[in-house]
Amino acid sequence: MTDKPCTDPQQLHDEFNDVWGNPRGWRALTIVNHTTIGLRFLITGSAFFAFGILLAMLMRIQLAFPGHTFLDADTYNQVFTMHGTVMMFLFAVPMMEGLAVYLIPKMLGARDLVFPRLSALGYYCYLFGGLILVSSLFLGIAPDAGWFMYTPLSSATYSPGPGSDIWLIGVTFVEISAVSAGIELVVSILRTRARGMALNQMPIYAWYILTMAMMIVIGFPPLILGSILLELERAVGMPFFDVTRGGDPILWQHLFWLFGHPEVYIIFLPAAGIVSTLLPVFSRRPLVGYSWVVLGVLVTGFLSFGLWVHHMFTIGIPHLAQAFFSAASMLVAIPTGVQVFAWIATLWLGRPVFHVPMLWLVGFLFIFVCGGLTGVMLALVPFDWQVHDTHFVVAHFHYVLIGGMFFPLMAGLYYWLPHFSGRMPSVTLGWWGFWLVFIGFNLTFLVMHWTGLMGMPRRVYTYEAGLGWDVPNLISSIGSFVMAIGLGTVLLDIVLHYRFGKAARENPWNADTLEWATSLPPNPYNFVSLADVHDRHPLWNDPDLPRSMAHGEHALTVIDHGRRETWGVDPLTGKAREIIHLPGNSWLPFISSVLIAGVCLSLLFGMYTLAAVFAVATLIVLFRWSWENGAHPAAAPDAKTQPGEPPLHSRTFDGPGLWGMGVTLLSNGALYLSLLFGWFYLWTVSPNWQVPDGPVFDASLLLASGAVLVVAVLWQRQVKRRLRQGLDDGLALRFAGIALLGLLQTGLILWCLLASDLQPTVTAHDAVITFMLTYNLVHGALVAISCGLQALRVRFGYVNAASPYEPLVIEQLWYYNLGVYWTTYIALVLFPMTWGVS
Amino acid sequence: MGCEGPQSIVDPAGPIAREVTVLWWAMLAFSSVVLFVVTALWIYAMNRAPREYAADQEKRIHRRWIVGGGIVLPGVSVALLLWFGIPAGHRMLPLPVEGQQPLRVEVIGHQWWWEVRYPESGVTTANELHIPAGRPIDVEVSSADVVHSFWVPRLGGKVDMFPGMTNVVRLQADEPGRHRGQCAEFCGTEHAHMVFYVTVHDDAGFAAWQESMQP
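First to last, the sequence lines map onto chains Y and R.
497 is the number that my numbering gives to position 497 of the first sequence; each next residue is one higher, with no gaps.
971 is the number that my numbering gives to position 133 of the second sequence; each next residue is one higher, with no gaps.
Mixed in with the good hints there might be a few duds.
Examples of chain R residues toward chain Y, derived with CB under 8 Å [as the list claims (entries may be wrong)]:
1. Gly843
2. Glu896
3. Gly927
4. Val935
5. Asp998
If you're looking for bench data, these hints aren't it; they were derived computationally from the structure.
Glycine included, every Cβ here is placed at the ideal spot set by N, Cα and C.
All chains, full assembly: derive it from the sequences and hints.
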């Protein structure tokens, strides 16, 4: 509390370090702290970036001359597929998430992200998935069907090797990481801000990250689903995309771009967030039009889910639909324009100072506006009919991605470098690095627009002389080397600055946000005491905050209970509702990710029994992980807090796990909706869709299963109501009973599946039904086991009327299952009846 | 570097491809102005001498920037673009025509060659498309294996070729000549070599060619 007597900062630091400190040596693998995890993401992302650049250089050497034989066709196809895959999945998204993981808690005045162990799991999944993908190139078996894996080219018939499997499984593995970080960022931003920080007082960066994270949560599942379906088609022959058996290759394109277009904004928005954070600092005034910008960001996020078809203007869809998606795509220019002009107005009304990060911001503006303009051109359908899949498009998306993502990232990197290291980078090297990259980039890609207009398609490993493509290709290749030298200069600057950089002074750029109130570099606990925040610019209003926070003059300074604590606030007003106690370092995330890697590798080698063993082991470890919760001795056995402070979250009905589960189910729901979309899409569009004459499964079994589910949910509700009234007698038995009902429900689905005449490898119709029922089966089993564990936890004394919040978390899963189950019933049983099929 | 080239989008050889070329130059001119003005504004804003503004003055300035630059400018640009662009796209579609009916040609994509069929005359060829000048051609495309994309840049837009479904694209050439076409959707190892040529004849020449090809 603020009236607590001030203590010695060194002593406070030692006390906090006992609880928060990072172990060294092998045990560094157990670290869950967001600062370390964030830096690991950034460093790993940079390494993958360097690899991606190397692949780009190989391509530019090959294309420098017509008929060049530097790479053969097969190698080139692997190289361009991997270049796209590495840059999108292993560099752009993880880099942006890593930066957010590092910055968000600090900016919001918190001590860590809300699910620290999940951050660690996400990192390892990313690392292992990335290594699986990249290593395939060295074995010569890398995916080679292009980074959007269009089927039938990527199917078992036309890509018989392991390449496509590596892509589908490796990328899905990496996406576990992306989605888990997305969930964690959403909940952290909404629930663990500084006390008093209302939603409209958040630093603007947090709005961008909130939007990005929500987009990841909703936007990645379509691709995860698509990858699972395509892998099932390849591995066991379920024909979701095979047109001869009632599937449709265009369904893959829809699922891919349902993810792929939001993906572009998932990459761009956090970068724009960097611009909106840096520009006001260097303009020495608040961002102009904060509310406008927030609105623009939210609208961009929303619109981005309605544009995916503009990647498919040449597939022969109805022209009215094309006109609709064309107009919708161009509309994105408006929220983007609002941001650009808010930035100009900030400069206009401010007193700008010039530092190296500003160079990258100017470069960003020029390149990004240029890419945005060609983007609007491409959204015009007739123009797209010509330049689609040419080098014009390649040039366009490099302008958008490098301009819109990489340049702001570099600005941010130079801006936060003193935060990572406590030192300042060199101005000279920074200046050279920027100009080499900027000139090299424009030389490469401005000219490439022309190559495309001269008719050169993308993804060709060679070309004939005399088509007008020779000179522009050579210029592009030279430019790409200039750019690579620039990137090397930047890298050199960063490496050298760790050794030779001047020590950074406190808040070196005179920034307004709380991340600059930590020590440089920061300690794992970020802040000894947590300040209340009531406006958008805490450090401008109170430049003394770094000192007073380190001297323990604010809240939550007591640490002798040994818990890692941060505020749990009201998502809207920022009023403190509870103290969230965070889990500490653990081997569990590392072990889980190793086991998941085991699942992926055994699937790749076709060892399905081993994969099942690994999957069961993973589940056991994950449930073991969930065991250390609430009143468990490793979590918060002692519920005491300081007088006047709110209770611990595990003693309320309002823990962050509720939000974590909610956001996870949102993501899961997006996956289920994509599946439903697939079912109706195939039903209505697929050219050879076959519906069997009679029923292929016993719908009455499904009806019975659904009835059991309803009873279980009602019972769960009743148990919750009793807990709310403080009644917990017979709690264990009740949970055991609900768990049994859950098992019965799952068993009935299993019976229905086993007793059916479904032929999932013969028609897409049966394949989709089998998949949907299995989806329900897995969810039924999951909630039944969770409920059974609750019964056990009650016996151990971890869950009771005093620690009541876990049952609420599981209740959400019950509701989700109920909704999904009956939707499935309607889609599979009732909907076909309306089409005259019994 | 001139605009000429056997696959140049900016060197059209027929009315349909020309629609896009005209759109392109107009869009390029407009975009260049926007790019120049926005960049210049940004650099000027960064370098001009700072001024003090009263609160209401500041509010007026920022409204002007955000509404004018952020909403009106892109809104008007997009409206203009659609105003000209949608009719242009409409004129490229394989819609019914008056007078001489379009010539129907079927093209089937294979890894990595083109099968060409003339349903009216029964002629078939590979990697060679022969058409008469001045008459619309409706190319009905599909695929025997993976996704390909049919494209003759100087005569019209491209369209993807899927197994199990037929798409139509319209081409038209002004005068006799020879044009290059190429698969535009990545289709495997030899994608780069999946090339074909379009020979445009005058009416007599086309009739003679069809005659010579009769089995």
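*What are the numbers of the hints the structure violates, in ascending order?*
4
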